[in-house]
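If you read the protein sequences in the order shown, they are chains A and B. Here the first sequence stands for residues 1 to 112, numbered as in the numbering used here. Here the second sequence stands for residues 1 to 118, numbered as in the numbering used here.
These are computed hints drawn from the structure, not numbers from a lab.
Pulled a few chain A residues facing chain B out of the computed Cβ check, cut under 8 Å:
#1 P34
#2 P44
#3 L46
#4 D49
#5 F89
#6 Q98
#7 L100
#8 F102
On a predicted model such as this, the values are computed, not experimentally measured, just so you know. Even glycine gets a Cβ: it sits at the ideal position worked out from N, Cα and C.
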Amino acid sequence: GENVEQHPSTLSVQEGDSAVIKCTYSDSASNYFPWYKQELGKRPQLIIDIRSNVGEKKDQRIAVTLNKTAKHFSLHITETQPEDSAVYFCAASIGGFQKLVFGTGTRLLVSP
Amino acid sequence: GAVVSQHPSWVICKSGTSVKIECRSLDFQATTMFWYRQFPKQSLMLMATSNEGSKATYEQGVEKDKFLINHASLTLSTLTVTSAHPEDSSFYICSARELGGGAGETQYFGPGTRLLVL
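All chains, full assembly: derive it from the sequences and hints.
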């Protein structure tokens, strides 16, 4: 079945540095790739998404890039802040009802 | 906009009892809702897809007779964990997708329900 791999599992950066999280997917029919941020005990919150007809999307300090040929997409956070600390999940759509398969998550820690 | 609520937020029950969790889209209509389970420090695992007016579609390995799903209206889906056992203890999260969309609409997540079965 569809599989989404996510790396790294943990990422520690200093405040102000950039953070990059990478995901690969297996289903070439996937066409929607959201990124969610989840704080401890809270719901996942959508932070950015990209569709397969676009190669890059940016929203302030957050950007996502998609390489359909290689079947991988990445999340880039610039000028990180301590409040960016959370677990980040990538996901890829599958199936006619647009189910999402989630990556394993990346725990980001931004130190002041 | 796009608010999803879940009730209850947490529940503790005895082994063998049934627990019902409600998922509501508050300001939009959702033809499709999804139920996930998340164990500590793990990812979200899709359990089933709930479609208004039809039977739910369960993922492989999820027992449909144990996890009963009812999507009675465009704003409400319920998950009932029947005869709950300690291994069913987990964080259950629903999400809803807005009516009328094509491929790739955003899924909005509820706040989750933490279930502890003693």
